[in-house]
Amino acid sequence: MDGDYDMALGDNIETAGSASELERSRESVLAGSLGRWLEMHHVMGRGYKTLDHEIDLVAGLVSTSTDDLSALFHNLIKNAKEQSTGMDEIVKAASLVNLGNETLTLPEIIGYLEEVFNEGIMNVLQLAQTAMSLVYSLDDVVIDVKKVVQQIGQIEQINKQTNLLALNAKIEATRAGDAGRGFGVVADEVRQLSQNINSVASTLRGHVDAVHNGIDQGHQQLQSIASLDMSGNLKAKDRIENMMQAMVLQNAEFQEKLAASAERSNELESDMSSVVMRFQFQDKAQQQLDGIRMTMTVLQDLGTDLATETYNETGIPPIEDDSDIIEAWVDKVIERCSLGEMRQRFVRGMLLKADHTDVTVSTKIMAADEDEDIELFGAVEASAASDKTESSKSKLDGFEDDDIELF
Amino acid sequence: MEYQITTKDNVASIVFSGDITFSENVSFRQLLKDIAEQPVNRCEFDLSGVDMVDSAGLGMFLIAREQADTAGWKLAVTGAQGHVASMLKLTKLADLLDG
Chain A
1 MDGDYDMALG DNIETAGSAS ELERSRESVL AGSLGRWLEM HHVMGRGYKT
51 LDHEIDLVAG LVSTSTDDLS ALFHNLIKNA KEQSTGMDEI VKAASLVNLG
101 NETLTLPEII GYLEEVFNEG IMNVLQLAQT AMSLVYSLDD VVIDVKKVVQ
151 QIGQIEQINK QTNLLALNAK IEATRAGDAG RGFGVVADEV RQLSQNINSV
201 ASTLRGHVDA VHNGIDQGHQ QLQSIASLDM SGNLKAKDRI ENMMQAMVLQ
251 NAEFQEKLAA SAERSNELES DMSSVVMRFQ FQDKAQQQLD GIRMTMTVLQ
301 DLGTDLATET YNETGIPPIE DDSDIIEAWV DKVIERCSLG EMRQRFVRGM
351 LLKADHTDVT VSTKIMAADE DEDIELFGAV EASAASDKTE SSKSKLDGFE
401 DDDIELF
Chain Z
1 MEYQITTKDN VASIVFSGDI TFSENVSFRQ LLKDIAEQPV NRCEFDLSGV
51 DMVDSAGLGM FLIAREQADT AGWKLAVTGA QGHVASMLKL TKLADLLDG
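Chains A and Z, in that order, are what the protein sequence lines are.
Letter by letter, the first sequence follows residues 1 to 407 of this note's numbering.
Letter by letter, the second sequence follows residues 1 to 99 of this note's numbering.
Just chain Z, same shape as in the assembly (with noise of 0.2 Å):
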């Protein structure tokens, strides 16, 4: 997994790429310490790139907004696309991750 971080008026685009799954977590991880250096209310991660996500992927996300919720700030995910939009859909987590 790889991951681009812009800020822009305390709001951060992250554009993924690859699999968000169990292997990727320490990268998510660096990800989520990345954010919290920064000074944000918003972070939009942007899903377009990415083909395939497992629970953890899900798990992680859920933890991703745990740290927001704590932190003060809004997540928000956008353009999931095929398998990640139904698993999304599936879980309900589109309503919860939407900022």
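Same shape as in the complex, but just chain A (with noise of 0.2 Å):
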């Protein structure tokens, strides 16, 4: 186009002819030319109208983002503490049992089975204490026993003597005759007392026999009684005391696992309040880009007032927005702009418009359009902005805090 200008200019000034024929084509070239500007201007006001809604819609999807961000991380977080909570609870029910009415700790059900342990154990002593005291009390009676055997001996033995003497008095009173026959009969008498002492003796002395059988009877349970091996004892009281120790172990491990899921859980928490009061960079993002769109605004304004005055002095007609020209003007624009299929229709259908309320955009859409290199928060690294098929659509969803710079 401008070389068609630069042509005509030339060829107006080579035919002609008279000074007021060159300062007519000068005009016209001046007019075209402030013509052209005023084209611009106005391709330019639309194209400031485009990005201003560009701007808006960026501010939008920050916006809804943040927010469902803002609503995950206080559901993680939420999670966190439920989870948190719930472990707590099951540590605390592995150490305790329900006794219907009650309720014992891990301590309380080792001290009460070690209680019980040591109490058998006192019983068996205190049994074998009674039983060895039985034991020398029945020796005692032993010996008591012996000396009564003693003295049935000692019985036997006087009637011995006894019955030995009332033989001489027999055989004296046979000798006497008949003044001894009286002495005689006496002598019978005793021998015949004699005799039954003997038997009493007999008696005496079998019953004492059944009561020694007696005490060695007694004697010996005592001794099944009172010698028990306790090694079997022993041993079941180590392992015991190891099961014990090794449930106490367990239980303290609990403990010391749940206190560092108890920290990790509050690290997490802080980490994601932190998240969340990152996400007010929305707040200065807004800021940012309003200023942006009220420079433009104020540029914007800078040049309608130029144009007016310019419309004003050369009395050029106002330009027509469905117009071939303007058209041309926004190929331009396209060509320059190094945007997709998609975004060319969009921004065409924008800029040949004279309201944008039909246009939308979701953060669906944005992420899915494979062509765009969106960098909507500052500097990226330069290897992924390189790598062209690294999509929008994972910087969105995989949004790390290295690529918010906007501070």
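Derived by calculation from the structure, the hints in this document are not laboratory data.
Please note that a few of the clues may not be correct.
[Unchecked claim] Below, in silico cross-link-like pairs of lysine-lysine (DSSO-like), each with a Cα-Cα straight-line distance of 27 Å or less:
#1 A/K332 / A/K49
#2 A/K49 / A/K284
#3 Z/K8 / A/K147
#4 Z/K33 / Z/K74
#5 Z/K92 / Z/K74
#6 A/K257 / A/K81
#7 A/K235 / Z/K89
#8 A/K170 / A/K160
#9 A/K146 / A/K160
#10 Z/K8 / Z/K33
#11 A/K237 / Z/K33
#12 A/K92 / A/K78
#13 A/K81 / A/K92
#14 Z/K33 / A/K146
#15 A/K235 / Z/K92
#16 A/K237 / Z/K92
Assemble the dimeric complex from its two separately framed chains, guided by the hints.
Below you can see the structure in the form of structure tokens.
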């Protein structure tokens, strides 16, 4: 286009004969230039409007996204808290035993078992001591029994003497004849007595022997009561103690893990709260975007002021929105912008239409556009920018702290 | 079971050897009688030479301790090892017999 006018100017200069013809062609060239500036101003106005709307969309996107993310993080925090509480309850429950109307802790159970075991041992000892005391008492009884036996022996001895004496008396009585008859009877009686005493003594001996046997049996029974090999108990006690210690250790481990988990949970909460706070960037971003829009408005107004002056001074007719000329300008803009096909359509629609109300952008559309390198937030690592296959989808979904460089 | 008593300054040291079980109850009683005949205010039972103690033996230790309480002397048990030491620990007699 410019080339045409240059040639036209040259032609005009060559063919102009008089100064007034030169003057007229100069004027028409200038008018042409001014006209083109006015067209450009008009197109720039549309461009500013498009950009303004675009910024608006961005602001909306950021606002919606931060709201969604914020809500998600709050939910995460809530879940983390609940999980921590749940774990706390589990560990507490694991170390308690429910017995209907009472709840026992592990140390209480262990203590009780030990008490029971020790009581059992004490009972055995008590039994052993009593049994041995009994043994000694029985030993003393045996001593007395032996004394009794001795005495019976004495009785029998005395009896023997008595019998002999009676025999002698009988012999003397017989020798005395009739005079000794009475004496002889007495002697017989005494011998009879002696025999009676003998059989009584025998019976006594029998009884005492029975007592002695009874005591011996008692002795044996006491032995079986008193002499227990307690090595089995020893092993059991050792094993029980080991089991108890293991349980206590395990419980301690649980408590440790619980404490660690609670700490992690707190850290998680704190981190997530920090993240939620970082979303405040959205305010600042909004401010800066508003600033940009205002600046654009100022720039556009500057141009409009000048355009109005020019219209008044030159009398050039105002530009029509849907003219072919404007469309040509739009093509130029599109040609120089590295926009994808979809964006191209979008931009064209924006530039050619008077209103912008029917254009919407959802995060999904933005995410699915693989041709775009949409840099919403400041600078991104060079490697990511150069890799065109790294789609904007991944940028938006895989949000990392490093990508936010607003301040 | 065999034992040796040595007394010095009213302290009787008794060194045991063999087993202290039910079958030794007569010897043990004799020991208690021997102790009772001397004026002692402390007795030390050295069990380092004892291999085996059953519950009867423990019962007899308790009888000895009873006698100590009645007669007014202190009983201490030392030198227990192996099985004997385990028994004393299990039954907590080690604490009881520490005069």
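Each hint tested on the structure:
1. Taken as a hint, the A/K332 and A/K49 pair is honoured in the structure, with Cα atoms around 17 Å apart against an allowance of 27 Å.
2. A C-alpha spacing of about 22 Å is found between A/K49 and A/K284, which places the hinted pair at or below 27 Å, so the restraint holds.
3. Of the supplied pair hints, the one linking Z/K8 and A/K147 is violated, its CA atoms being roughly 38 Å apart against a limit of 27 Å.
4. A hinted pair counts as satisfied when its Cα atoms are at most 27 Å apart, and Z/K33 with Z/K74 qualifies at roughly 16 Å.
5. Only pairs whose Cα atoms come within 27 Å are accepted, and Z/K92 paired with Z/K74 is accepted, the gap being roughly 18 Å.
6. Of the supplied pair hints, the one linking A/K257 and A/K81 holds, its CA atoms being roughly 16 Å apart against a limit of 27 Å.
7. The suggested pairing of A/K235 with Z/K89 holds, with an alpha-carbon distance near 12 Å, which does not exceed 27 Å.
8. A distance of roughly 15 Å separates the Cα atoms of A/K170 and A/K160; the hinted pair therefore holds under the 27 Å criterion.
9. Restraint check: the Cα-Cα separation between A/K146 and A/K160 comes to about 21 Å, which is no more than 27 Å; the hinted pair holds.
10. Straight-line distance between C-alpha atoms of Z/K8 and Z/K33 comes to about 18 Å, which keeps the hinted pair within the 27 Å bound.
11. For a cut-off of 27 Å, the pair hint linking A/K237 to Z/K33 is broken: about 36 Å separates their Cα positions.
12. Taking the CA atoms of A/K92 and A/K78, the gap is near 21 Å; set against the 27 Å cutoff, the hint holds.
13. The suggested pairing of A/K81 with A/K92 holds, with an alpha-carbon distance near 17 Å, which does not exceed 27 Å.
14. Note on Z/K33 and A/K146: the hinted pairing holds, with a Cα-Cα distance of about 20 Å set against a maximum of 27 Å.
15. Under the criterion of a C-alpha separation no larger than 27 Å, the hint pairing A/K235 with Z/K92 is consistent with the structure, at around 15 Å.
16. This hinted pair checks out: A/K237 and Z/K92 have alpha carbons roughly 12 Å apart, not beyond 27 Å.
Against the hints set out earlier in the document, violations occur for numbers 3 and 11.
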